[in-house]
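2 protein chains.
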Amino acid sequence: MSGKRRPSVTLHDVARHAGVSSMTVSRVINDYAFISDAARAKVLKSIEELGYRPNAVARATRTGVAQVGVLYSNPNSSNLSAFLMGAFRKAGEIGCQLLIEPSAAHPTPARAVVKLIEAGVGAVVLPPPLCDDAKILKLLAAAGVGPVSFATAKPSPDVTSVAIDDFEGAAMMTRHLIALGHVDIAFIQGDPSHSTASRREEGFRATMAEAGLAVPDAHVVQGLYTYRSGLTAASQLLGLRRRPSAIFASNDDMAAAVSAVAHGMGIAVPTELSIAGFDDTPVASTIWPQLTTIHQPIADMAATAVELAAGLARRDADEDQARKHVLAELTLVVRQSTAAPAG
Amino acid sequence: MSGKRRPSVTLHDVARHAGVSSMTVSRVINDYAFISDAARAKVLKSIEELGYRPNAVARATRTGVAQVGVLYSNPNSSNLSAFLMGAFRKAGEIGCQLLIEPSAAHPTPARAVVKLIEAGVGAVVLPPPLCDDAKILKLLAAAGVGPVSFATAKPSPDVTSVAIDDFEGAAMMTRHLIALGHVDIAFIQGDPSHSTASRREEGFRATMAEAGLAVPDAHVVQGLYTYRSGLTAASQLLGLRRRPSAIFASNDDMAAAVSAVAHGMGIAVPTELSIAGFDDTPVASTIWPQLTTIHQPIADMAATAVELAAGLARRDADEDQARKHVLAELTLVVRQSTAAPAG
DNA sequence: AGGAGCGATGATATCGATATCAATCGTCGC
DNA sequence: GCGACGATTGATATCGATATCATCGCTCCT
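Here the protein sequences line up with chains A and U, keeping their order. Its first residue numbered 1078, the first sequence is counted upward by one per residue in this note's numbering. Its first residue numbered 1078, the second sequence is counted upward by one per residue in this note's numbering.
Hints were generated in silico from the structure; no laboratory data involved. Mixed in with the good hints there might be a few duds.
Treat identical chains as interchangeable: a pair holds within one or across any two.
[What the hints assert, rightly or not] Computed cross-link-like contacts, BS3-like style, restricted to lysine-lysine with a CA-CA straight-line distance of at most 27 Å:
1) K1122 to K1192
2) K1119 to K1192
3) K1212 to K1119
4) K1122 to K1212
Just so we're clear, the structure is a prediction, and the values are computed from it rather than from any experiment.
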């Protein structure tokens, strides 16, 4: 019987309460420039008193609902949840509808793109490695669907992008290890088909060179961003006659594998071996000791990507829109897997 | 210049094309019972020809946008991404707005609930262990906000719920291990503050008893659903004089830890030791060998939960609504971490 | 003084759908 | 053969916001 009903204060309620028209209220909440201070104050007061909250859905009907597609390649990607969180939060805010399409569900990524286009999306967010695929970009261009490339290491100037500076991130981590006193630092490369892999390696090498530290060939081994490839790479590195005192893996999954192998060989982490990852995925704080890694604000980046995509989708034949390029801020997260080298 | 514009076929376009009123079209797509076959056929044909897709957002303005809150406790929960996927997909479909609130961001879970209530949600989805918290349920009831408990092991008959049968899941896995020929099967318990933990243990014990197999006390050790607790538990079990030939951990994170420890002790998986997990989180297919585990259709469950919550949110003082209880289907996923015992 | 220019505001149409109520057409019972 | 009732359909209002255009009152310029 306590039948609570959503009283749902509307814009009109606020207008009535403030003694102005609904348009004035609408303008206030949309930060329109030309409103008298008096009117603005009245409206803000009424909003406060009534506890008004704009209805994103209703707003979207008028502003034009943009349907934005999101393609993703790896359903197990550990960053997926943060990515989705951010993307959906923003989508809810601006009232645009997200269509999520796993490219793995299709014989080729191109088929997934076609499906999204047919579903009528106005823009597509492309995580790596899809955003580096020229064929896909061509397909989208032909359909007039705007692409937003996400977290690619080499964003094309022609394509709106949200990215991180992989080079700088790797450099930050390398500096951290050097500052701890490490000299023999090994590196596990990422999947060469991802553009991020080479940038991270370059960041590592450049920083080592800058510090005057040598990087013997044996200290750089190939990985594929997978746990399993990390297992192999770790065995290789830890079996070396002259074992490195620190291993920097290009992502957290591989760093977790290094941790498991070290564990297996009775090598104490971090006292005998420092391990560093990249991405700050959930596994980094799951395993023990927790990984020192580079944190990317994936959720914020995803939100930004959706916002840009929605803008692209809405825009009419207005072609000369500036392609935006957003670079997100990275942070070094020092946890328990790195320390000064022994002895 | 290829200024593609979303022509966005509307309901009215379809109506005009089919020569009927828009209401008739609306009724067809909403499966209203009393439509002549002729009209239905015409409409369906037009929908097909024009490639019409209903605009969920517009629909929601009229049906009443339900705001549904989703509380979650552990931002690193590996199931989060699947959960969010399902939840948001459904939210998009029915045009309801999701408010996600991490309870960790508040001093107490109760504060998070209050925030959602103040934000005006009509219903809340509560993952464990929040859904078992009487205080929270009381708070919600006072505000007239419907709760939907998610994946709790002991759903209250008074609360709408979407759950799995933890007992049966554990039983399935235990039967699998027994069928492989294992006799000495150890068990790692979950966090006792989660209702799922005890049900899983009961499922294990009941099945062992049924098969006439003994479960010595030393073969059941406490865990907390964390990787770290799994590390400790595994060391304990694998250090036993009479080592079990299989370890069934109540979740994947702990199973992954068992794998790491086994690795460390030079115990081959699965030839010398079988490892089983529960949940089928991403880590299960990340590590190597990949874990045999119990898969829950989290995404579907989340979608169902949102759907039920939206229903709750919309319903007026209509109190005698049936509380629904949905039980999702579990599947045993056999991967590479289990095999027949050696010798 | 006349009006151009602009800041500030409101009236009204609109977005794409559904809710509600009324209208139409059989046909069935008596 | 008449009224009632049920199946089927359409007209119109509505949801909560924004877009567009009109209006109003000033100031400032010539």
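- [ ] Quick one: which hint numbers does this structure break? Sort them smallest to largest.
- [x] Per hint list: 3, 4 violated.
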